[in-house]
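K.L.:
Sequence:
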Amino acid sequence: MKPKPKEVWWIRYRRRQKRRSVSFEMVFRRAFAETFREYVDNCSIAGVKQMWDPKIGTLQRLTWVVIFCIMLTSMVYYLHNIWYESLGKPLIVTMESSTYPISKIDFPAVALCNINRISKKALINFSKGVHSFAKHNESLAEVYEFCSQLGRLIDYTYNASLRNHPLMASFNAYMNSSRQIINVMKMLAPSCDEQLLMCYWAGKLVDCKTAFSVRRTPHGHCCVFNYILAYDSADKPDQTLDNAKKQSQAGLYNGLALVVNPMVEDYHYRIYNMMGFEILLFDPTHFPDPSGGRVIQRSAQPDQVVMIKVTSTKQIATTEVRKYPQTTRKCLFHDERQKKFSNMYSYSACIVSCRIRTIQSLCKCTPFYLPVLLKQKRVCSYDDLKCLNKYKEKFFYLYPMGSTDVSGLEIELVDSLLCPDCLPDCEHTQHFTEHLKLPLTKQQHKRKHLPAYFL
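Residue 1024 in the numbering used here sits at position 361 of the sequence shown, and the numbers go up by one each step.
These are computed hints drawn from the structure, not numbers from a lab.
It is possible that part of the hints are untrue.
The calculated lysine-lysine pairs, modelled on BS3-like cross-linking and capped at a C-alpha distance of 27 Å, are [claimed, not checked]:
no. : residue 1 : residue 2
1   : Lys908    : Lys972
2   : Lys872    : Lys784
3   : Lys909    : Lys872
4   : Lys899    : Lys767
5   : Lys899    : Lys1002
Ranges between beta-carbon positions, derived for each pair [said to hold, decoys possible]:
no. : residue 1 : residue 2 : range
6   : Glu928    : Lys849    : 16 to 24 Å
7   : Ala804    : Ser766    : 15 to 23 Å
8   : Pro717    : Pro753    : 45 to 53 Å
9   : Asn835    : Glu999    : 37 to 45 Å
In this text, a Cβ means the ideal position worked out from N, Cα and C, and glycines have one as well.
Given the sequences, and given the hints that come with them, work out the whole structure.
P.N.:
Printed below as a string of structure tokens:
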């Protein structure tokens, strides 16, 4: 038999010792104390090592404790805010490319609205046509003066004398339908054929009659380019008339260039105290409602060359955005709310629909310049001017939804449109402009053989 190996001395020694029962709690405490001491000795956070240093005095230790508590409180506060801000606003907007092809961006629709909204020549002809309806032997001049008040249907100004005017009953009999009022206002608007002298698109001379059409805008009937929204569908868009035009390349000579005549001698009813044109730039599929956002307004006056540089930003949303509820993403896609807007939802269309509902609720009519399906709806006439004027501010201001700082918004808070269901577009194209105005010299007039015009 092999002899048993001798045990190591310390093993025999430990066997002779009295064994003590060590609880799990004691083991945990010892392990925690050792781990904590090791952490303190090697911690890189300012103040931790100093607070547990046995070599410093009480005052120094308290100082480091205060500094550490302030630092920890600040850190928790900012982390808490960042966490809840990221939960409340989980979506971010980043630039995909600064060289996005211009051929993939729709050229904006351009509305050319003369500051004069009633043509003097057209008003004279219209007055002659309705003079026969005067039943109290009113003169042609009186009929002319009465008919000139039709411009009030655009700016909602009110004159109490109109209500009791002797021509009111006869005129209402002539305007026996809503479509008649729209047709009359279109006839009285300055003629696009006379205002548009030359039109260039993409560097080529084009027929102005083909390129432009007469469409309704907040300023009445205007000459509009690249406006493809279907007729009478501003509040419920469902289709387009054509594809939006696009530029193949950028540049001064590759966009839209116009030579126009402001027809200052034909002025009769100005909406502003100036002469010339108001230019509206907007999305081709939206009604140009300035209060709905993304409508750029510029002006051009006689004897000026006006050059407008347009830069565009296209916002595209990823499919993951749809997973978030509307209350979180705070925007809507074009194919949402199909029951009312088909596949063409836009913030502009929603605001127009909200405004129409408000006007119909308060004044029981629809302004002629809003291109909507009338059906049983009545177009506003002279009789409605008092109501339209009374709520004018309400119709044009929007309630500041979700605003935290409302200083300077006192009017909007009290007297404004409340449209809580209207959310911005998740995908849209935002246009920005820079414009330059130069005087048009007499030599240029003589060389061109043209009246006052713009480019």
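K.L.:
Indicate, hint by hint, whether the structure satisfies it.
P.N.:
Consistency of the hints with the structure:
Taking the CA atoms of Lys908 and Lys972, the gap is near 17 Å; set against the 27 Å cutoff, the hint holds. For the suggested pair Lys872 and Lys784, the alpha carbons sit about 21 Å apart, so the restraint of at most 27 Å is met. Distance check on the hinted pair: Lys909 and Lys872 sit about 19 Å apart at the alpha-carbon level, within 27 Å; holds. About 26 Å separates the Cα atoms of Lys899 and Lys767, which keeps this hinted pair within 27 Å; it holds.
For the hint pairing Lys899 with Lys1002, the CA-to-CA distance comes to about 10 Å; that is within 27 Å, so the pair holds. For the pair Glu928 and Lys849, the supplied restraint of 16 to 24 Å holds, since their beta-carbon distance comes to about 21 Å. Restraint check, Ala804 to Ser766: a C-beta distance of roughly 56 Å breaks the suggested window 15 to 23 Å. Evaluation of the 45 to 53 Å hint for Pro717 and Pro753 yields a pass: the beta carbon distance comes to about 48 Å.
As the Cβ distance of Asn835 to Glu999 is approximately 43 Å, the hint placing it in 37 to 45 Å holds.
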